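J.: Given only the sequences and the hints, what does the whole structure look like? Please build it.
As you go down the protein sequences, you meet chains U and S in turn.
Heads up, the first sequence is in this note's numbering, so the first residue is 1 and it goes up one at a time.
Heads up, the second sequence is in this note's numbering, so the first residue is 1 and it goes up one at a time.
Every clue listed holds true.
The following label-pair restraints were derived from C-beta to C-beta distances: (1) U:Ser184 with S:Ala47: 45 to 51 Å; (2) U:Arg117 with S:Lys37: 27 to 33 Å; (3) S:Glu74 with U:Gly302: 30 to 36 Å; (4) U:Gly302 with S:Glu54: 24 to 30 Å.
Listed below are the simulated SDA-like cross-link pairs for lysine to any residue, each with C-alpha atoms no more than 20 Å apart in a straight line: (5) S:Lys37 with U:Pro128; (6) U:Lys133 with S:Gly42; (7) U:Lys303 with S:Lys37; (8) U:Lys385 with S:Gly24; (9) U:Lys366 with S:Glu57; (10) U:Lys385 with S:Ala41; (11) S:Lys58 with U:Phe353; (12) U:Lys366 with S:Lys37; (13) U:Lys332 with U:Ala87.
What the hints contain is simulated information worked out from the structure, not anything from laboratory work.
Model, not experiment: these values are computed from the prediction.
Every residue gets a Cβ at the ideal spot worked out from N, C-alpha and C, and that includes glycine.
If you want the building blocks of each chain, they are given just below.
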Amino acid sequence: MRAQDLADGMKAPSGVNSAFANVSASFSVGMDDPYPLYRQLRRSSPVMEGDLMAQFGIPSVHGGTEGRPAFTLFRYADAMTVLRDGATYSSELIGKGLGALVGDFALTAMGGDEHRRMRGLLQPCFAPDLLRKWKEELFAPVIRDQLVAPLVERGGCDLIEDLGIAFPIRVVYEVLGVMTDSRSAAQYSDWGLQILAAMRRNQTPGTWQGALDASQKLYDAIRLAVEERRAAGATGHDLISSLVNAEFEGRRLDDHEVTNFVRMLMPAATETTTRTFGSLMVLLLQRPELLERIRNDRRLIGKAIDEVVRFEPVASWKNRLVTRDVEIGGVKIPEGAFLSVAVGSANRDENVFPDSETFNIDRPAKLSFGFGFGPHMCLGLFLAKAEIETVVNALFDLCPNIRFDPTKPEAVIRGMHLRGPDSVHVIWD
Amino acid sequence: MPNDVAPSQRPAFQVIADRGSCCGYGVCAEICPEIYKLDEAGLVVLASDLVPPELEEKAREGAESCPQGALRLEPVDA
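T.: This is the structure we're talking about:
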């Protein structure tokens, strides 16, 4: 790799940074701390008539929701009931939202047997043992040597702008194993963010058209890479080779399907990881004793990530379409109703998590919904956790006494959806 | 059966695991490692399919937390 490419890899081009900021602005809707509101509603109206997401103007990846009766759920048990049962609580309206931009292979919009078969095809491509190979062979050395090490002599940085936006993009680039340089990887990610930005409410027609254009460009670039990879025999451990070779119940994926699947990953795989990493670092840097304890016992990083996914879930909202008349928490909900599930509230349900509003990495293992739950639970969660663990390990190893930069604005985790800090300024010795 | 899961009373429940559905999320093994383990491929294996009464609650929570619905507890036939 040329020196210029190495330099490019250290920092994502400004286009990605501004696209990231744009998505932050759209989804956060200007609210820093929604948790007191969630707590109040969890008590007063745990199954609330109306769509809190719509009331606050929070973008949803679901479309075709106008005119439907709507309900919002705040409790853990109700969230679990809904997310577990993909037949009664369908994701099909994603097909009219985000799905309309990412083609006819939107896994998150599928249901029933079609989803089961596709998931069966795709799951082995993300299996834990394959992930270990990716980590050791593909991305751990890159994160440490090419992204974190070059920052060390600066003595400080913004963990979001200088590292957090770049590393998930680089990991996707390494895992796909086909992009020719990190600049094109950043371009892919920029297109992915443009697609996500089009989910905002009250958008101008230009936003949608821009997202369609970005989606087409993304398709063309990935399609070329997929065709080249298949022609070369698809023998590597990379994701595109795995997808080309995947087979389940006699079914395989053609180039169009592999391309559509990889395109769908772009908006999903990068900025959520950036935000989770950012929130984790803020919560640890605010607790120097805890940070020191984890620095001395790296096995705790995994527990800390699990607790961040509970305490500050980036994807704070899930939506479902109700496919038959049901009753939740004594409230009758008709077929055709649209549900908003407040994951940020369910994850802090005091009936399930004692002292639920405290960040505590030592709490007993318990499922939370930060990666979703049920048939659509995040396919890439192991990858996300492994990336974040790798970055945190590298920071602990290479940046002694890492702490907030007292001369810079305070890092704040904000937003009602896609929560995370905009910047995390740190210094080290 | 390994010694560390030797039941103090007669088990009333057994775990049924559908390894074909397991995706290796590992939530079960985090919640009840005495019963649920992950093999080298990262998929669920049972340390014991019989659930000692003192582990019943954790085993049930582990099964209910499976995102794939691959685990369930069934009464042991009398």
